[in-house]
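Could you slot chain H onto chain D? The hints should help.
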Amino acid sequence: MKKLVYIAILLPFVLSSCFKKIEGIDELNTNIYDREYAGDQWFQIEEATEFINEVGQTKVRIDILVPEESTPGLKPSFFYYSVDVNNEDLGVQSASKKEEGHYEIELIVDTDPSSNYCVMLGVWIEEDEEAINHFSECVMTN
Amino acid sequence: MLTPKSILFIFSSFFLLQVGLAQDSLKSRPPLADNEGIIKFLVDVDNGYFEILVEDSLLIRRYKDTLPAGTYQAKVWSPGYVTQSFEFSVQGGKVTEKYIQMAYTNEKQQFERDYKAYRTEFHKSLTIPAAAALSTTLYTGFAMMKAYDTRKKLDVDVALYHQAATAKEVSGIKLNIDKLNKRYNFYRSSFYLGAGVSTLLWITTIYTYSKFKRNVAEPVFKADSPWRDKFSMQVSPLGCRMVLKLG
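Chains as they are written, first to last, in this note's numbering: chain D, 1 to 142; chain H, 1 to 247.
Extracted from the complex, chain D is given alone in its bound form (with noise of 0.2 Å):
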């Protein structure tokens, strides 16, 4: 009799570690598609240099990554995206996937004489047509 009071003591404890709580899962928004995304900023500015064009015109060249940790686990070929670079619409691009899985976006603008550019990015959602999860960064020339 005292052997199950003891087992009857301790079953909780046993059992307690069999079905935990699966934490976080109220908090599932690391999804870049996600529009309850909650995540870090997706995207990272490499660098902003100026360059003059064929034509001689002086342009600015904004390299911007999005790294592979920030996609989903299933690529697309092509990352679609909207832009605007100092409150200027770009409307939306594509940036191809590379073989590591990121995407490289370059932007070409016109100088800025701030020298600074603020670039705010949305991922492209294509059967809404709107962009969510923005985020804005801002860079000076080099």
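Keep in mind the hints are simulated off the structure, nothing from the lab.
Warning: the hint list may mix true and false statements.
[As the list claims (entries may be wrong)] Ranges between beta-carbon positions, derived for each pair:
(1) D:D89 <-> H:R183: 43 to 51 Å
(2) H:Y209 <-> D:K21: 34 to 42 Å
(3) H:F142 <-> D:K21: 18 to 26 Å
We treat Cβ as the ideally placed atom computed from N, Cα and C, and that holds for glycine.
Then chain H, alone, in the frame of chain D:
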């Protein structure tokens, strides 16, 4: 090929053959003499056993016997029943039926009451708590399997969420995860609750049953034949004989 109709025909033919053989064996029995008849006792007892003492000298333990024609005084006894005296007549070459109504003894009635009380106590101490414990244990097992199954589906859906590359897919998976998570939490809680309740019920069952075994003894009804010492069987290498004690 055997059809259901042909199977039925074979079966019924076999049955009729058996009945015919049985009738033949009855026919082969030697016919009754004119001065003897068959008496069939229809004794109203629920235990299937009775003893009939005919004229204080012949003990019959079967429902049918062949006796010389005449009128007999007899007594019938069955365990738990009052011994009854009755009279019957055997007619030569005929089969006579004798119905005898029996009445319970007071001891038997008391035993029936005691046994009923014992069974009620038994059900209260073992059957009911054990049934409740078994039901909750089965439900706990069911909840455990459902929780395990739901958990596996959830893990799959969480992996799919991280793979999904369209907003539509993501929102669909999230809805499913939400539903599965609620279900998982329900079965998880049910499992814990069921495990606790089952444990308590099994402990209660063991406690009540051991208390019952300690405190309640099963009533036993023992009734010996009133003619137990009147007759005895003596078996020897030369054969066996029934001895009747007079007086």
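A quick look at each hint next to the structure:
1. Between D:D89 and H:R183 the beta carbons are some 45 Å apart, a value that agrees with the proposed interval 43 to 51 Å.
2. Taken as a hint, the range 34 to 42 Å holds for the pair H:Y209 and D:K21, whose Cβ atoms sit roughly 37 Å apart.
3. For the hinted restraint 18 to 26 Å between H:F142 and D:K21, the CB-CB distance of approximately 20 Å keeps it satisfied.
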